[in-house]
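Build the full structure now, drawing on both the sequences and the hints.
Heads up: the sequence lines are chains A and B, in that order. Every letter in the first sequence is one number past the one before it in this note's numbering, and letter 139, counting from 1, is 139. Every letter in the second sequence is one number past the one before it in this note's numbering, and letter 298, counting from 1, is 298.
Honestly, the hints are just simulated from the structure, not real lab data. None of the values given here were measured: they were computed from a predicted structure. For every residue, glycine included, the Cβ atom is placed at its ideal position computed from N, Cα and C. One thing to keep in mind: the hints can contain errors.
Claimed, not checked - With a straight-line cut-off of 27 Å between C-alpha atoms, the simulated BS3-like cross-links for lysine-lysine are:
#1 A:K89 - B:K102
#2 B:K102 - A:K58
#3 B:K409 - B:K179
#4 B:K712 - A:K89
#5 B:K397 - B:K409
#6 B:K232 - B:K102
#7 A:K62 - B:K397
Claimed, not checked - Computed, partial: chain A to chain B, Cβ under 10 Å:
#8 A57
#9 G83
#10 I84
#11 H87
#12 G90
#13 S91
#14 A92
#15 V94
#16 R95
#17 T109
#18 Q111
#19 A119
#20 S123
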Amino acid sequence: MQLSNQETLPLGQQAAWDALNDVALLQASLPGCESMTPVAENAYEVLITAAVGPVKAKFRGKLQLEDLQPPNSYALRFEGQGGIAGHGKGSATVRLEPDGPDETILHYTAQATVGGKIAQIGSRLIDIAAQRMAADFFAAFKRKVQERQAG
Amino acid sequence: MMADTTNTRRWVGRSIPRKEDPKLLAGKAKFVDDVSLPRMAHAATLGSAYPHARIVSIDCAAARALPGVIAVVTGEDAAAVSDPLPTRANPPVRQYCLAVGKVRHVGEPVAAVVAETRAIAEDAAALIDVVYEELPVVPDMDAALNAHGDAVLHPEIGDSNVYTCVHRKWGDVEAAFAKASRVIRKQFRWPRVSAQPIETVGAVVEYEPATQRFFFYSNMSQQMIAGPGLAKSLRVKPSQLSYVPMYVGGSFGGKAGVYHVAVLAAVLARICRRPVKFIEDRVEHLLNGNQHGSDRRYVAELALDAEGIFTALRCDVVDDYGAYFHLSLGSHGNALAQVTGPYRIGALEYEVTAVATNKTQQGPYRGFGGEVANFVLERLVDAAARELRVDPIALRKKNFLGNDVFPYKIPTGNLYDSGNYVGVLDEAVRTAGLDEWLRRKRQAQGTSKRIGIGVATVCERSVMNVTEFWFLDETPVNRVTSSPESVSLRIDVDGTPIITIYAPCWGNSPETLAAQLVAEHMFADPAQVVVNYAGTDGGLLSKGPAGSRFTVMLAGAIEGACKAVKAKMLALAAHRLGCEQALLAFDEGCIRCTNEPERSLSFSQIAQDAYLYRLDFPGDERFTTGLAASYTYDHPCTTLPDPATGDLGVFYPIVGHACHLVLAEVDVELASVRILDYVAVHDVGQVVNPMTMDGQIRGGIAQGLGTVFLEKYEFDEHGQCLTGTLADYLVPTASEVPDIRISHFSTPSPLTSMGIKGGGEGGRLAACPALVSAVDDALSDLGVFIDELPVTQDRLFSILRNAGAIASRE
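The structure is reproduced here in structure tokens:
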């Protein structure tokens with residue numbers, strides 16, 4: 001799976017950086033995320049329910065942030081186990097680019113490999129599932145940021 | 001010169017309706033999933049998500065705690081009560097019904113759950129927590145050739161993923177290549193494909209503790225032969241197994257071979273002391289079924305002399321066998337039965353390297369390697385015709401073996417019993433109306449919808465002998481040479497012939513064929529012939545359908561049994577009529593005095609004498625009560641290999657032939673192929689039932705079409721199988737299969753009963769090269785030569801773009 005896109009966030013660059021490091025906000029925005037628990041410096045344990053085509057399962061995974069260059073960029077590495085549904089692992093890079101004082105463009109690329117049932121019966125659907133998950137995440141993320149601003 | 005023998009026969013050669021159909025069409029035939037026994041439980045397996053890993057631990061506690069779960073069994077649990085699966089592997093490669101210690105491909109079962117329902121079993125399987133330690137993955141043959149250390153799948157056979165490598169030479173290959181005026185050298189890639197029977201593999205097994213016997217209800221075949229191997233796996237005596245044949249929803253090879261499903265169900269039944277049903281779901285079947293076929297890369301060379309005569313053939317083959325090796329080099333033995341095709345090629349060099357990768361184990365699939373050899377040879381012949389700028393049909397005719405050479409020994413040692421290759425080809429050209437095809441092709445030239453004509457002329461070796469599984473081994477482990485088929489014939493007290501066969505119905509119409517053959521010999525009506533199936537408790541040997549052998553072997557066994565029964569009937573009738581036996585003859589439903597035709601005895605009168613009136617006859621053994629005979633027929637013509645000379649012996653000598661001509665349209669803008677016309681002429685000697693034969697041919701062509709255009713098991717570079725559903729692994733549907741015009745040509749075998757040859761695989765053996773040849777021909781002006789399958793629409797698009805026929809968007 002390969003994913004590369006950009007999103008415009010309604011925040012200045014430093015505010016965008018802060019929001020992206022706000023675990024509660026991330027957890028609330030990530031579709032299906034039940035918990036995101038810090039386990040070490042920049043490392044989290046994530047419990048998430050995800051669906052790819054006919055396979056729906058609870059994944060327990062690790063998320064590690066790397067190469068942090070506040071407020072410009074960071075990388076992340078993740079892997080997860082979904083029991084009988086299979087497993088996945090991958091990495092992503094995020095780069096923030098200011099677009100005026102109140103907006104920031106977030107560039108991201110991600111790649112992942114999957115194994116087990118998700119690969120066997122979902123390989124055709126995985127790109128679509130990933131795009132949809134990204135779109136859902138950013139929609140929720142922006143909405144929550146705006147709610148916070150309004151509040 | 002069409003040998004027509006049908007006019008002297010009353011039933012053999014006629015398309016009578018199938019005896020199986022009333023039962024099948026009414027949904028009354030009993031398949032394995034119809035079996036339901038009192039207290040029966042259901043099993044499901046947990047397949048590995050990793051292609052290569054050590055099993056560190058398996059936690060079954062949560063699964064066991066689920067209400068409705070009866071037992072959770074790991075590989076180690078199973079191995080504690082059973083031995084490895086039966087195998088022909090040489091070197092010996094161990095495979096258990098559940099993975100022990102290590103998993104070697106995705107989908108390999110690591111544990112099984114027995115529960116009150118299949119749904120509970122599946123839910124429980126999802127609760128099993130397996131900790132794996134990943135090992136280096138061997139995703140393809142190149143990785144396999146270079147693997148060492150932890151990447152080795154079976155370290156006990158050496159620090160390498162090469163199972164075995166064999167190099168053989170027959171005839172003076174060097175001289176032929178040195179003298180050649182032209183050498184055609186090509187590389188080919190044959191994809192991993194399989195049959196997709198609607199019914200997956202399944203078994204219901206009941207274990208009876210009082211007698212320590214297992215009762216198997218399964219769609220796996222060859223139970224008479226496989227029984228001792230199964231018994232060994234289960235650590236019991238063969239007599240402790242009772243195997244009941246079921247109707248089978250398609251096999252095409254995959255339901256013989258590795259018996260993991262039957263062994264697993266038996267292991268579970270014995271542990272639980274309850275009957276257990278285990279039927280693979282589609283994903284289990286695709287990932288762990290016994291059905292992935294040859295997965296080969298060839299470098300092949302054909303030498304031609306100045307006159308365009310083929311003089312020698314060289315094949316260097318790497319075959320990706322996957323995680324286990326249970327059929328050893330059998331499918332290469334098979335390929336060597338007809339490796340030189342219908343051509344007079346005097347010298348052959350063959351090298352095969354069998355490698356282990358983290359993919360599903362190979363199993364047999366219609367063609368069993370012979371279809372790959374046919375494809376490679378026919379591709380080389382097409383390439384030669386193109387290079388020499390000669391007509392591919394003319395080049396084939398020029399190199400055909402003549403009708404006067406038979407019986408003909410090919411370089412490997414196998415024998416071709418008979419044939420008339422020019423006759424078959426001419427019949428195909430006539431049936432097709434080739435001139436009209438050529439006119440249409442010319443008309444389409446230069447348009448976006450090109451037309452091509454494909455041709456394939458291939459041999460169809462039939463009636464296998466099991467030596468092919470081991471004769472390439474330097475130190476064979478099991479030099480088995482028997483491949484018998486048996487029947488029992490009884491004339492019932494009312495004169496009804498009852499024939500008992502010992503192989504199950506695989507969809508190959510055994511009841512119809514048996515009834516026609518018995519009717520022919522016994523002067524009966526096939527509608528009146530009763531056909532029964534017997535299981536292992538019936539006791540007679542049968543190898544069953546495999547290697548296009550069943551009809552021929554059944555015919556031989558039936559002839560033997562009928563002869564014995566008829567002799568007794570004549571003796572009874574002679575005594576009753578007071579007539580000399582030599583003056584008696586069989587007639588429809590009776591025995592008649594030839595000199596006094598009004599004096600006759602009906603079969604029911606004779607049968608009553610045999611069953612009820614012992615004291616009306618002399619006391620000697622000729623008149624023992626009853627009217628029945630059993631007969632076991634051995635292969636009519638096979639010999640042992642000779643290790644001293646390298647001669648493989650005669651192992652597949654009943655050789656049919658087929659010519660397929662294909663008219664295909666290739667739309668170079670859409671990168672699509674449409675089959676406009678398809679002609680298949682087959683010579684399978686005497687045809688028993690042309691209608692069922694046509695079904696075999698059509699089905700084989702449909703599978704060939706899948707191999708050529710659609711099918712392939714895709715594995716990614718991490719060893720993950722990406723084709724775990726029929727939405728990812730595409731098979732042809734009715735709309736992809738064209739109308740096929742079939743014609744029969746008969747060169748009877750001199751070796752078999754009635755001259756019958758096997759015909760179960762010819763459709764697929766011929767379709768693959770013929771279809772590809774048509775696509776090539778349509779694109780010949782672009783210099784396209786297809787050397788890799790499948791030619792999916794995607795792939796055809798790239799081919800056309802590389803050839804400049806489709807503009808690149810970049």
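A quick look at each hint next to the structure:
Restraint check for A:K89 and B:K102: satisfied, since their Cα atoms lie roughly 22 Å apart, inside the 27 Å limit. With a C-alpha separation of about 26 Å, the suggested pair B:K102 and A:K58 falls inside the 27 Å cut-off, and the hint holds. For the suggested pair B:K409 and B:K179, the alpha carbons sit about 23 Å apart, so the restraint of at most 27 Å is met. Note on B:K712 and A:K89: the hinted pairing holds, with a Cα-Cα distance of about 26 Å set against a maximum of 27 Å.
A threshold of 27 Å between alpha carbons decides the hint, and for B:K397 with B:K409 the separation of about 19 Å falls inside it, so the pair holds. For the suggested pair B:K232 and B:K102, the alpha carbons sit about 23 Å apart, so the restraint of at most 27 Å is met. Taking the CA atoms of A:K62 and B:K397, the gap is about 67 Å. The hint is violated against a cut of 27 Å. With 10 Å as the threshold, the beta carbon of A:A57 comes within range of chain B, its nearest partner Cβ sitting at about 9 Å, so the hint holds.
About 6 Å separates the beta-carbon of A:G83 from the nearest beta-carbon of chain B, less than 10 Å, and the hint is met. The beta carbon of A:I84 is positioned within 10 Å of a beta carbon in chain B (closest approach about 4 Å), and the interface hint is therefore held. Among the interface hints, the one on A:H87 holds; its C-beta lies about 6 Å from the nearest C-beta in chain B, closer than the 10 Å criterion. This hint is violated: A:G90 has a C-beta 12 Å from the nearest C-beta of chain B, more than the 10 Å allowed.
Given the 10 Å rule on beta carbons, the hint for A:S91 is violated: about 15 Å separates it from the nearest Cβ of chain B. Given hint, A:A92 at the interface with chain B, is violated; its Cβ is 19 Å from that chain's nearest Cβ, farther than 10 Å. Proximity of A:V94 to chain B is violated relative to the hint, the smallest CB-CB distance being about 25 Å (cut-off 10 Å). Annotation: interface hint on A:R95 violated; nearest CB of chain B at approximately 27 Å, more than 10 Å.
At its closest, the beta carbon of A:T109 sits 20 Å from a beta carbon of chain B; the interface hint therefore is violated under the 10 Å criterion. Interface hint status for A:Q111: violated, as the beta-carbon distance to the closest one in chain B is roughly 13 Å, over 10 Å. Given hint, A:A119 at the interface with chain B, holds; its Cβ is 4 Å from that chain's nearest Cβ, closer than 10 Å. For A:S123, the interface hint holds, the least distance from its beta-carbon to any beta-carbon of chain B being 4 Å, beneath 10 Å.
Figure legend: structure checked against the earlier numbered hints; hints not met, in rising order: 7, 12, 13, 14, 15, 16, 17, 18.
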